Amino acid sequence: MGKVWKFGDDVDTDQILPGRYAPYMTGEAALARHAFIEYRPEFARAVRAGDIILAGRNFGCGSSREYAPLALKRCGIAAIVARSFARIFFRNALNLGIPLFESETAAQEIADGQEVELDVAQGILVAGERAFPLRPPPAFVCEILHQGGLVEYYRKHGRFPGEPNS
Amino acid sequence: MGQTLSEKIISRAAGHEVQAGDLAVVQVTMTMTVDSIAESVIKVLRQELGAKRVHDPERVALFVDHVAPACNPATADGQVLLRRFALEEGINRLYDVGRGICHQLMIEEGLVQPGTVALGSDSHATTYGAIGAFGTGMGTTDIALAFARGKTWLKVPESIKVQVHGAFSPGTTAKDLILWLIGRLGAEGASYRAVEFHGVEGSSLASRMTICSMATEMGAKAGLVPPDDLIRQHYPVPEWLYPDADATYVQEIMIDLSKIQPQVSLPHQVDRVAPVSQVQGVQVHQVFLGSCTNGRLEDLHLAASLLSGRHIARGVRLLVIPASHRVLMDAVADGTMSTLLAAGATVGTPGCGPCLGRHLGVLGAGEVCLSTSNRNFQGRMGSPEASIYLGSPATAAATALAGFIADPREYRQ
Numbered sequence: 081m082g083k084v085w086k087f088g089d090d091v092d093t094d095q096i097l098p099g100r101y102a103p104y105m106t107g108e109a110a111l112a113r114h115a116f117i118e119y120r121p122e123f124a125r126a127v128r129a130g131d132i133i134l135a136g137r138n139f140g141c142g143s144s145r146e147y148a149p150l151a152l153k154r155c156g157i158a159a160i161v162a163r164s165f166a167r168i169f170f171r172n173a174l175n176l177g178i179p180l181f182e183s184e185t186a187a188q189e190i191a192d193g194q195e196v197e198l199d200v201a202q203g204i205l206v207a208g209e210r211a212f213p214l215r216p217p218p219a220f221v222c223e224i225l226h227q228g229g230l231v232e233y234y235r236k237h238g239r240f241p242g243e244p245n246s
Numbered sequence: 234m235g236q237t238l239s240e241k242i243i244s245r246a247a248g249h250e251v252q253a254g255d256l257a258v259v260q261v262t263m264t265m266t267v268d269s270i271a272e273s274v275i276k277v278l279r280q281e282l283g284a285k286r287v288h289d290p291e292r293v294a295l296f297v298d299h300v301a302p303a304c305n306p307a308t309a310d311g312q313v314l315l316r317r318f319a320l321e322e323g324i325n326r327l328y329d330v331g332r333g334i335c336h337q338l339m340i341e342e343g344l345v346q347p348g349t350v351a352l353g354s355d356s357h358a359t360t361y362g363a364i365g366a367f368g369t370g371m372g373t374t375d376i377a378l379a380f381a382r383g384k385t386w387l388k389v390p391e392s393i394k395v396q397v398h399g400a401f402s403p404g405t406t407a408k409d410l411i412l413w414l415i416g417r418l419g420a421e422g423a424s425y426r427a428v429e430f431h432g433v434e435g436s437s438l439a440s441r442m443t444i445c446s447m448a449t450e451m452g453a454k455a456g457l458v459p460p461d462d463l464i465r466q467h468y469p470v471p472e473w474l475y476p477d478a479d480a481t482y483v484q485e486i487m488i489d490l491s492k493i494q495p496q497v498s499l500p501h502q503v504d505r506v507a508p509v510s511q512v513q514g515v516q517v518h519q520v521f522l523g524s525c526t527n528g529r530l531e532d533l534h535l536a537a538s539l540l541s542g543r544h545i546a547r548g549v550r551l552l553v554i555p556a557s558h559r560v561l562m563d564a565v566a567d568g569t570m571s572t573l574l575a576a577g578a579t580v581g582t583p584g585c586g587p588c589l590g591r592h593l594g595v596l597g598a599g600e601v602c603l604s605t606s607n608r609n610f611q612g613r614m615g616s617p618e619a620s621i622y623l624g625s626p627a628t629a630a631a632t633a634l635a636g637f638i639a640d641p642r643e644y645r646q
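In order, the protein sequence lines correspond to chains E and X. The first sequence begins at 81 in my numbering and counts up one residue at a time. The second sequence begins at 234 in my numbering and counts up one residue at a time.
Everything labelled a hint here was simulated from the structure, so no lab data went into it. Predicted, not measured: the structure shown is a model, and the values here were computed from it. Beta carbons: idealized from backbone N, C-alpha and C, even for Gly. Wrong hints could be hidden among the right ones.
Claimed, not checked - For lysine-lysine, the following DSSO-like pairs were computed, each having C-alpha atoms within a straight-line distance of at most 30 Å:
| # | chain 1 | residue 1 | chain 2 | residue 2 |
| --- | --- | --- | --- | --- |
| 1 | X | Lys492 | E | Lys236 |
| 2 | X | Lys388 | E | Lys153 |
| 3 | E | Lys236 | E | Lys153 |
| 4 | X | Lys388 | X | Lys285 |
| 5 | X | Lys285 | E | Lys153 |
| 6 | X | Lys276 | E | Lys236 |
As the list claims (entries may be wrong) - Pairwise CB distance ranges (calculated):
| # | chain 1 | residue 1 | chain 2 | residue 2 | range |
| --- | --- | --- | --- | --- | --- |
| 7 | E | Gly193 | X | Gly514 | 36 to 44 Å |
| 8 | E | Gly130 | X | Asp489 | 49 to 57 Å |
| 9 | X | Arg465 | E | Ala211 | 54 to 62 Å |
| 10 | E | Lys236 | X | Glu321 | 21 to 29 Å |
| 11 | X | Ala309 | E | Arg125 | 29 to 37 Å |
| 12 | E | Gly228 | X | Ser437 | 20 to 28 Å |
| 13 | X | Ser437 | E | Ala211 | 54 to 62 Å |
| 14 | X | Ser510 | E | Ala191 | 38 to 46 Å |
Stated by the list, open to error - Computed footprint of chain X on chain E; a stretch qualifies when at least three of its residues, placed anywhere within it, have a C-beta under 8 Å from a C-beta of chain X:
| # | region |
| --- | --- |
| 15 | 122–135 |
| 16 | 165–173 |
| 17 | 210–217 |
| 18 | 223–231 |
Looking at chain X on its own, in the form it has when it is part of the complex (with noise of 0.2 Å):
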C-alpha cells in the first residue's frame, strides 16, 4: 500500500511499517529545548523520572533563544541552570544568547536531517518539514522522556495533501499563502494531521520553512515538503524519501498561487485571516519584522527592496530581529541592514525577540502591532488590550511606510 512521507518516515524511525492510525514507538534523531522551558525539563528527567544522564548528548540541542538576553532575575537563573546542564551531560550543541531562533539553527546547522524525527519542546518545530523532516512540537514531559530514552511515540497521522501550482504574483509570498490555507482551513482544519506541500519545487528554503512553520497553527502534527533538488544541494536525501503516488490522504487541496492576494491575520485569531485590502488603512504603532516564521534573509531583503530610499512613518517602530546570528551577518555583509536602518528601523539580538511578548518590544494598551510572526492571541504580544495582525514581510515593510496597515502591492519600487 502506498504510504506518504509522513508513513514513510516513521515506518523507518519505527523499524517496521506502519500507516495512519497507528501507535508507533519511533526513534528521535535530535531533540530540542530552549531557555523557556529547560528548567521544567531538567527537572523531569532527573527529579520524576530519575534518569542520571540523557539517552545521547549528540541527539540533544539546547538554545537560549525565548528570553535573549535575559530580562530579569528569574529568566537569567534559568540560563545559568541551562548552561550547567549542558555542561554536566557533555551536551556541545549549545547554542547560547545571540545565536538566534531554535528552529532557524536547527536547519541551519544540520541539526535535523531529511527522513528523520526530530522534537522540539516548542509547537513551530513542525518547520524541520521544510527539509523533509517529521519535526513535532511536545511538552515538558515527552521531552524528558526523550532526552531520557532517545525515543518518544506517536500516533501516525493522516495526511492533508496541499497540491500548489502557477506561480506568487508580485508583492505576495509564502507567507500569504499560508495564511490564505489557514484562513480556509480553520484553527483545527489539520489537527492531529500531517500537511503535505506538493507543487512548491520552486520556492526557496526558507519559504517553505515559513510554511511548514505555521502548519501548527491549524493543528497540525506536522508540515512536510517533499524534498527535491534543492534540498539534495544541502542535505542528505535518502532514496525512499519520496510520497508514494498511491498514497492515501484524507482531503486534498488545489491551490493556484496566482489567485492569492496579500493576506492579514486579524486579532485575535490566527484563522481570522483577510485580504490586506480588507483592513488597510488600520493605523498601527509597531511593526515586527522576525520570528522563526518571516526572519530570515529573504524577509529581510523584500522587506527591504520596499524601504530602501524612504523613511518609515511618523509614530511607527519598525523592530528587526533576525532570525540567527547568520542572518544578521549576511545582511550587514550584502548592505540590507544599512538599508533597513537608514529606513528607521530599530535592529535587535537574534532570538525570538516580542513574538511572546516577553521582551524587546512588548505592546502597551490599545497598541496595534502587524507583526510577522506567526500568533495574534489576545495578550500574547504584551497587554491583552493590544491588538496584532499578521502578514508577510512584504505588508510589514508597506505598513511601515504608511503608518497604517498598508497593501504591498502599492509601494513596490
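Chain E with its partners taken away, still in its complex shape (with noise of 0.2 Å):
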C-alpha cells in the first residue's frame, strides 16, 4: 500500500529538484530531502516508502539530470505513473530500475493522497473498489526493470538491451 501524490501535466525537472539544489552544489547527502523542494515543499517531509507519483502529460521534461529520478528514488517512491513521460526522464528512470508505467485514466481518476496497491508484475493498480490496468512496457523496459536497472542488467549480461552475445 502506498499513498498517491498527484501531479499535473509538464512537471520539469527543475521543479523536481532545482538546479541550485544538485548534488554538485550541496552535496548527495541531502538529495531526497530536496525532492520537490520549492515545488511541493511538503513532498520531502510527508512522503513514505512505497508512495506513488501519478501525473499527467510529459512528466519530467527539460534538464537530462539524473538526480531529479535519484532523488525520488531516495524518497521511497515506488513506482511513477503517467500519462506520458519526456523521453530522457523516462529513459534516466528506467536506468535506475523505477518502475514506469503510462496511463491514461488512473491519472485522471485517482485523487491525490489517495491510499492504492500498485502490482508491478501484473501491471495493476488498485485505488479503492477501482482497479486500472497499466499499459505494459515493451519487453526490453520489462528486462532492465526485472534486474533493477541498467548498471544491473549490464552487470549481469555484459551486453546493451537488443545487443548479440559478444
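Both chains are given apart, each in its own frame, so use the hints to dock them into the complex.
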C-alpha cells in the first residue's frame, strides 16, 4: 500500500529537483530532502517508502539530470504512473530501476492522497473499489526493470538491451 | 526504402541498416560530460560498473562550464575530481574554466563530426545536429556506460520534417523560428522523435545551432539540418549524409519565414509562446544575453547593432556571457565588446552563466528576466518567485534599452 502524490502536466526537472540543489551544489546526502523542495515543499517531509507518483502528460521534461529521478528513488517512490513521460527522464528513471507506467485513466481518476496498491508484475493499480490496468512497458524495459536498473542489467548480461551476445 | 538523416546516421553507427522503431546498439564517436555531472558519472563508471578505464580517452571530452569558476567549496571539489579524472584516464580534451560552453566547444573545436553519433550528459546535445551529427542528451548511467563501452543503445526515432522557405523579416531570427515552432508543437510535440530542418541553407552555422539546441524543448531526441556547402567548407561530410527523397516522415510542417514575427516564451513554460507585441511593456530587471542557444558572435553582433551609441535603461542589468573564449576574443577584436560595454553591459566568464540559476546572475523574488537562453521553468534561474521570458538577442537588446519587454523592430538603427 502506498499513498498517491498527484501532479499535473509538464512537470519539469527543475520542479522535481532545482539545479541549485543538485548534489554538485549541496552534496549528495541531502538529495532526498530536496525533492520538489520549492514546487511542493511538503513532499519530502511526508513521502513514505512505497508511495506512488501519479502525473499528467510529459512528466520530467527539461534537463537530463539523473539526480531528479534519483531523488525520487531515494524518497522511496515505488513507481511513477503518468499519462506520458519526457524522453530523457523515462530513460534515466528506467536506468535507476524505477518502475514506470503510462495510463490515461489512472492519472485522471485517482485522487491526490488516495491509498493505492500497485502490482508491478501484473501492471495493475488498485484504488479503493477500482482496478486500473496499466499499459505494459515494452519487453526491453521490463528486462531492465527486472534486473533493478541498467547497471545491474549490464553487469549480469555484459551487453546492452538488444545487443547480441559477443 | 528511403531513410531519414537519423536513420542513415544510426545505420552507419550500428553497422547495419535500421529504421524508425528499431532498437540499435551504436558506436559513439564522442561522449562528453560537464562539471555538474562528472562526479556521478565517475562514481557509476568506477564503483558501480567496476570499469578500470574509459574505453577510449580520445573519444571522451570534459567541460567545466556549468559553474565556472566554482561558486562554493562543493563545486570546487567537484572540479578538482574532474581534473584528476582527466589526468588518470589520459583524457586530453578537458576544457577548463573560461573556455566556454560544452555544446559550443563540441562544434567549435571539431569534437563532433557530421554523420556520427555524439552523446552529452546535457539535454542540449541536440545542438550537434547543426552540422549533421546525431547528438542527444542522456543521464549519468548512460554516459558512464558510453565511457566504459564506447557505445550506447537507442531506439531509432521517427522524424518530423520542417520545411522552411522565404527569408526572415528584419529584426527576426532563428530564435524566433524555433520559439514559434515550439509554441505550435508543444513541449512534447516532438517527443521521442528527431526533427529535420530543411530549407535553412541560407542560415549561418550559429543560427542552425540555435535551432537544433532547442529541439529538446519540444521533447525531440535530436534536431538535425542536412549538411550543405557551408558545413562542407569546415567539416568532412560523408557523401551518403543526406536524407533520401522518399524517406518516411511522421509529420511535415511548412513554414514561411517571412510570416514569423519576434516571439517570446512566457513564464513558466517554453511552449507558452506569444508574439513580442503581446507582452510589450512588461517591466524587466535583468537581461541575459548568452547560453548554448544564443551566446555566439552572431548573437553579440545583433545585440550590438541595436545597442550601439545607446545606453540600457535605468534599473536594468544587462549580463553578456559569451558562449566561448573564442567568441569573447572575436568580440573584443572586432569592437563588439566595446559597444556592449559602452551601452552598460556587464560581461561574465564564458560558460553557462545564470541559465540554470547557480551563479553569475541568479534572480530574486519578484524579479523579471528576459533571457536568450532555452528554459524558463519556475525557479530555473533562482527564486521560484522570479519570472523568465525567453527571446532572441535582438529582443534582449531592445528590452535592455527600454527597461521593459520591447519589440526589436522598433529599435533597429
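Right, here's what the structure says about each hint:
no. : hint                                : in the structure
1   : Lys492(X) <-> Lys236(E)             : violated, 55 Å
2   : Lys388(X) <-> Lys153(E)             : holds, 25 Å
3   : Lys236(E) <-> Lys153(E)             : holds, 22 Å
4   : Lys388(X) <-> Lys285(X)             : holds, 28 Å
5   : Lys285(X) <-> Lys153(E)             : holds, 27 Å
6   : Lys276(X) <-> Lys236(E)             : holds, 19 Å
7   : Gly193(E) <-> Gly514(X): 36 to 44 Å : holds, 42 Å
8   : Gly130(E) <-> Asp489(X): 49 to 57 Å : holds, 54 Å
9   : Arg465(X) <-> Ala211(E): 54 to 62 Å : holds, 59 Å
10  : Lys236(E) <-> Glu321(X): 21 to 29 Å : holds, 28 Å
11  : Ala309(X) <-> Arg125(E): 29 to 37 Å : holds, 31 Å
12  : Gly228(E) <-> Ser437(X): 20 to 28 Å : violated, 47 Å
13  : Ser437(X) <-> Ala211(E): 54 to 62 Å : holds, 57 Å
14  : Ser510(X) <-> Ala191(E): 38 to 46 Å : holds, 42 Å
15  : 122–135                             : violated (count 0)
16  : 165–173                             : holds (count 5)
17  : 210–217                             : violated (count 0)
18  : 223–231                             : holds (count 3)
Checked against the numbered hints above, the structure violates hints 1, 12, 15 and 17; every other hint is satisfied.
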